[in-house]
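K.L.:
Listed below, chain by chain, are the residues.
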Amino acid sequence: DAMVIQNPRYQVTQFGKPVTLSCSQTLNHNVMYWYQQKSSQAPKLLFHYYDKDFNNEADTPDNFQSRRPNTSFCFLDIRSPGLGDAAMYLCATSREQGGRNEQYFGPGTRLTVT
Amino acid sequence: AQSVAQPEDQVNVAEGNPLTVKCTYSVSGNPYLFWYVQYPNRGLQFLLKYITGDNLVKGSYGFEAEFNKSQTSFHLKKPSALVSDSALYFCAVRDRGRGDKLIFGTGTRLQVFP
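Protein chains in written order, with my numbering: chain A, 1 to 114; chain B, 1001 to 1114.
Since the hints were made in silico from the structure, they are not lab data.
Glycine included, each C-beta is placed from N, C-alpha and C at the ideal position.
Take the hints with a grain of salt, since some may be wrong.
Unchecked claim - Cross-link-like lysine-lysine pairs, in silico, DSS-like; alpha carbons within 27 Å at most:
1) A:Lys-52 x B:Lys-1101
2) A:Lys-38 x B:Lys-1101
3) B:Lys-1049 x A:Lys-44
4) B:Lys-1077 x A:Lys-44
5) A:Lys-38 x B:Lys-1049
Unchecked claim - Pairwise CB distance ranges (calculated):
6) A:Pro-18 x B:Gly-1029: 26 to 36 Å
7) A:Gly-84 x B:Glu-1015: 33 to 43 Å
8) A:Ser-80 x B:Tyr-1061: 20 to 30 Å
9) A:Glu-57 x B:Ser-1060: 20 to 30 Å
10) A:Asn-70 x B:Glu-1008: 36 to 46 Å
11) B:Leu-1056 x A:Ser-40: 28 to 38 Å
12) B:Glu-1015 x A:Thr-60: 34 to 44 Å
13) A:Asp-77 x B:Glu-1064: 37 to 47 Å
14) B:Tyr-1061 x A:Val-12: 46 to 56 Å
15) B:Thr-1020 x A:Pro-18: 15 to 25 Å
16) B:Ser-1080 x A:Gly-82: 40 to 50 Å
17) B:Tyr-1061 x A:Lys-52: 17 to 27 Å
18) A:Tyr-50 x B:Leu-1056: 31 to 41 Å
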């Protein structure tokens, strides 16, 4: 049973054309995360939500935005993708407990920018 | 500053032999430590964690890890490697300043040869 679902699995967009990646979860976790991962490097946290409380990382470009309309869904919007934004984007969830709980990751969306 | 280090980019081991993937950490206070595995074109999967208690932690797929406070290490081990264990492994530590965030190591690619 899929617990963290990401759609689409593969996304191709053109340079500068806005794109939205989606994530949904069936775990009812209150924390949701978006990571960017490039070529087998460590995942880089872009932002995360505690419920609807949005937390942006200091070095996340303004080009990246996020929305969480309800507990189950979270979206990553890239307003004007550049070639450097080509990467795997990972969504994850956890149940808030002072960092004791593991994160559950979706399968990722691989973004190609042409 | 808090950090985790994975000193080996790649570990090669023959099937049936024991494997060790190394991780050291640098945090103030008691660390919460995690291991994740990533197969090609997939998200990260949680393997095991150390929060408190017994220093030897057992996890999924026959993996275990030993928390060693004096050596500030949390090495991942398995008594008998399988070819299917070949993947990218990440060690992570809770970011004490930021609740449920994780600080990831750079990853170690494990290659198990038949």
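K.L.:
Output the numbers, in ascending order, of every earlier hint that fails for this structure.
P.N.:
6, 8, 14, 15 and 17
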